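> Listed here are the chains, written in short residue letters.
Number of protein chains: 2
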Amino acid sequence: MSKQATILGAGLVGSLLSVYLAKRGYKVDIYERRPDMRKEKISAGRSINLALSDRGWRGLAGAGLEEEIRKVAIPMNARMVHNTEGTLSSQPYGMKGEAIYSVSRGGLNKTLMDLAEQQAGVKIYFNHRCEEVNLDSGELIFEDQTTKQLITKKSELIFGSDGAFSALRRSMQKLDRFDYSQTYIEHSYKELHIPPGEGGKFLMEKNALHIWPRKNFMLIALPNADGSFTCTLFFHTEGEESFATLKTENDVEVFFKKYFEDAIPMMPDYKKVFFANPTSSLPYIKCYPWTYKDKAALIGDAAHAVVPFFGQGMNCGFEDCRILGELMDENGDDWKTIFPLYQQSRKPNADAILELALNNFIEMRDLVADKKFLRKKQIEKMIANAFPEKFIPAYSMVSFTHIPYSEAQRIGKHRDEILEKLFLVENLEEKFSSDEIQKMIKDYL
Amino acid sequence: MSKQATILGAGLVGSLLSVYLAKRGYKVDIYERRPDMRKEKISAGRSINLALSDRGWRGLAGAGLEEEIRKVAIPMNARMVHNTEGTLSSQPYGMKGEAIYSVSRGGLNKTLMDLAEQQAGVKIYFNHRCEEVNLDSGELIFEDQTTKQLITKKSELIFGSDGAFSALRRSMQKLDRFDYSQTYIEHSYKELHIPPGEGGKFLMEKNALHIWPRKNFMLIALPNADGSFTCTLFFHTEGEESFATLKTENDVEVFFKKYFEDAIPMMPDYKKVFFANPTSSLPYIKCYPWTYKDKAALIGDAAHAVVPFFGQGMNCGFEDCRILGELMDENGDDWKTIFPLYQQSRKPNADAILELALNNFIEMRDLVADKKFLRKKQIEKMIANAFPEKFIPAYSMVSFTHIPYSEAQRIGKHRDEILEKLFLVENLEEKFSSDEIQKMIKDYL
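Taken in order, these protein sequences are the chains called Z and W. Basically my numbering = 1-based index in the first sequence + 94. Basically my numbering = 1-based index in the second sequence + 94.
Since the hints were derived computationally from the structure, they do not count as laboratory data. Fair warning: this is a prediction, and the values are worked out from it, not measured in the lab. Just so you know, not all the hints are guaranteed correct.
To be verified - In silico DSS-like cross-links for lysine-lysine, where the CA-CA straight-line distance does not exceed 27 Å:
1. W:242 with W:165
2. Z:441 with Z:470
3. Z:242 with W:242
4. W:430 with Z:341
Unchecked claim - Derived CB-CB ranges, DEER-like:
5. W:295 with Z:439: 56 to 66 Å
6. W:300 with Z:514: 39 to 49 Å
7. Z:295 with W:387: 22 to 32 Å
8. W:439 with Z:212: 52 to 62 Å
Beta carbons: idealized from backbone N, C-alpha and C, even for Gly.
Full structure from sequences and hints, please.
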């Protein structure tokens with residue numbers, strides 16, 4: 095087998111994967127549907143800022159790309175909750191000052207493309223839209239988006255990192271016994287913007303992920319290097335209060351005054367931006383199998399597009415790359431062995447992070463302002479402080495460790511039982527070091 | 095609006111739907127991918143016989159087609175269970191001699207096509223494979239399967255009754271916020287055959303659905319008018335004992351001797367047929383919405399392909415037609431009103447029958463030979479006999495009434511609680527008329 099691989103999609107995961115393959119001796123051709131975003135401005139107004147956490151960093155590190163990205167990432171140590179009354183409360187993410195990192199999707203993608211092209215043997219072909227993949231022959235048909243001509247290529251090893259509406263997956267979907275689902279959640283989202291203050295000053299706390307939780311919907315804001323914040327409103331698509339009913343600038347003003355009054359002074363043009371930017375929907379994708387013989391594999395969103403509420407979509411895709419790299423190190427070019435191991439290891443974890451992310455939406459929009467939730471977080475911290483080796487909070491397991499998502503989910507569910515029990519104990523702080531309570535906790539750990 | 099409608103697919107549901115529309119003044123063009131099955135023999139060896147039950151009959155009656163079909167349908171009053179030891183036990187389906195009816199898919203489809211074409215204004219175009227539907231313009235592109243030429247048609251009202259891999263649904267799937275899933279169960283199936291005995295004699299009880307339940311898999315057999323039985327083996331696709339491991343005629347012989355010994359004398363050529371007939375997979379499909387504006391709607395398997403284990407796939411599709419007919423009678427040609435009502439009414443019922451059918455597979459292959467299950471069925475009968483007005487057994491609600499599937503499912507779940515309680519009562523038969531037990535039951539009803 096020639097050491098050549100084809101990657102569909104030069105997004106975050108495809109660009110990173112090319113480096114993993116190139117470092118193991120592969121010549122890699124990447125085909126990207128869109129023009130080169132480093133030369134042309136594309137698809138503005140519908141980005142959700144990224145939050146890089148430990149799995150993402152490790153994926154980048156495995157390709158030697160960590161340092162480059164560290165330079166532009168902004169640490170966010172806490173959730174900054176903007177309450178309805180205009181007050182703020184800060185909820186640290188980690189126990190030991192850990193942070194998740196705000197990076198712009200476009201910026202990170204451009205850097206990854208640069209780093210990919212610096213590898214010997216990696217070439218990116220832009221404006222190539224994949225029309226069809228013949229899985230058995232390895233024939234790929236592209237439409238050149240500038241000339242509209244069809245181009246045929248052949249490859250013995252094909253990766254689909256072409257996102258939620260993957261062309262490779264579309265071809266796999268025609269195979270017998272291919273499970274597939276696309277599901278849209280009830281909410282849609284819209285990008286908004288808080289510009290930098292005078293001299294590039296941040297108008298809110300820089301090192302935080304800002305949330306305006308409003309029970310059934312929310313606004314969030316993540317910092318950018320230029321002092322601005324990228325905001326995202328997650329809101330009902332239809333219904334009494336929804337994107338569908340905000341029809342005029344006046345509607346938007348009334349809505350913002352009611353729910354996000356403290357944000358208005360920082361968003362001078364929000365009413366115009368609201369209608370200039372599109373309202374985008376939020377699908378999630380599940381499918382299986384992810385691979386075809388030793389010939390093709392789905393990776394990243396193409397295999398498992400999730401909702402953005404745990405900030406793990408990209409991190410999970412980068413972890414896919416890391417695991418695939420480790421499997422190559424153990425099994426060389428034996429893709430017949432690698433692909434089954436890859437999908438069996440990753441599928442339960444992709445399912446777990448999807449479920450965790452769906453639940454985290456409820457947590458973010460509703461529970462971060464809920465007294466019981468906050469109390470349980472406090473109890474979690476008390477236990478984590480008392481048993482630092484044995485008890486890692488659920489959020490931390492996902493964001494700051496490499497414990498498989500499915501394992502983190504299992505532990506988290508089990509743990510919720512003890513938190514529920516301790517929640518019922520009056521004056522827990524006083525009784526915490528008693529033998530009874532300590533035994534109760536130890537029995538659980 | 096002109097009273098013209100286009101139907102994709104001349105299968106069971108499409109043919110029936112055309113009659114409903116024609117009777118309400120519509121000119122109907124049906125486009126069918128396959129050749130005319132009344133003239134050419136097609137797709138043999140992969141059919142699962144149909145079991146018509148009350149919903150199906152009512153759907154046929156609504157188009158005036160009931161009598162014609164009654165003539166060829168064979169009533170099945172009971173499940174005939176073939177135990178491993180070679181013994182038989184009969185389990186009546188209904189309380190009052192009700193039956194489900196065995197009909198051949200091909201035969202029923204041909205009759206429905208004949209009856210459709212007898213309606214003024216209905217025309218079936220065969221060998222027309224739908225390639226694409228432009229939902230907004232109503233433009234349909236077909237490939238003529240004989241000439242391979244593309245043909246373009248236009249229609250203001252389009253129905254997709256084109257089955258589990260519907261072309262109309264494929265076009266709807268590209269719309270924003272269209273939920274879709276295809277899921278394959280772990281089992282596959284294979285058609286087998288018991289020929290008629292001498293002089294067209296049935297070799298087993300004619301008026302029964304025969305089941306060989308073998309815990310994790312099963313064989314079934316349904317009677318045909320010519321004295322033969324159409325058999326279906328539902329079996330693991332892969333694994334130690336599975337279609338994948340039955341590779342030679344000897345493997346098949348060993349397998350049949352182990353599990354279906356009493357069937358062997360009736361199936362002289364089973365080892366040859368086993369390899370001559372394909373192994374087919376069992377997908378189920380969920381999607382939503384089912385309609386697009388006032389322009390297009392999915393119906394039958396195209397909207398909700400289920401697994402065959404409750405024998406309700408066709409019955410549910412015919413009920414779709416009946417409900418659509420009633421909505422037309424109430425709302426005339428106001429499809430803007432009809433379509434939302436249609437999908438809101440039918441979607442929960444399609445979801446319910448899918449879940450019921452998945453559960454019924456477990457019941458058929460495993461529980462019909464399970465002591466607790468049989469005891470609960472006995473108790474169910476005792477209650478149904480004592481309270482005939484108030485208590486209809488779960489199977490009967492689905493097969494012999496028109497209670498919406500979702501309602502039948504809800505009642506069935508609720509009822510299982512009382513059955514579980516009564517199951518624990520020793521000597522229930524003696525105590526059944528006691529005040530205590532009677533009160534317990536009445537409280538539930």
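> A separate judgement is required for each hint: does it hold in the structure or not?
Going down the list of hints, with the structure as the test:
no., hint, result
1, W:242 with W:165, "violated (40 Å)"
2, Z:441 with Z:470, "violated (30 Å)"
3, Z:242 with W:242, "holds (24 Å)"
4, W:430 with Z:341, "holds (23 Å)"
5, W:295 with Z:439: 56 to 66 Å, "holds (58 Å)"
6, W:300 with Z:514: 39 to 49 Å, "violated (59 Å)"
7, Z:295 with W:387: 22 to 32 Å, "violated (50 Å)"
8, W:439 with Z:212: 52 to 62 Å, "holds (60 Å)"
Hints 1, 2, 6 and 7 from the list above are not met by this structure, while the remaining hints are.
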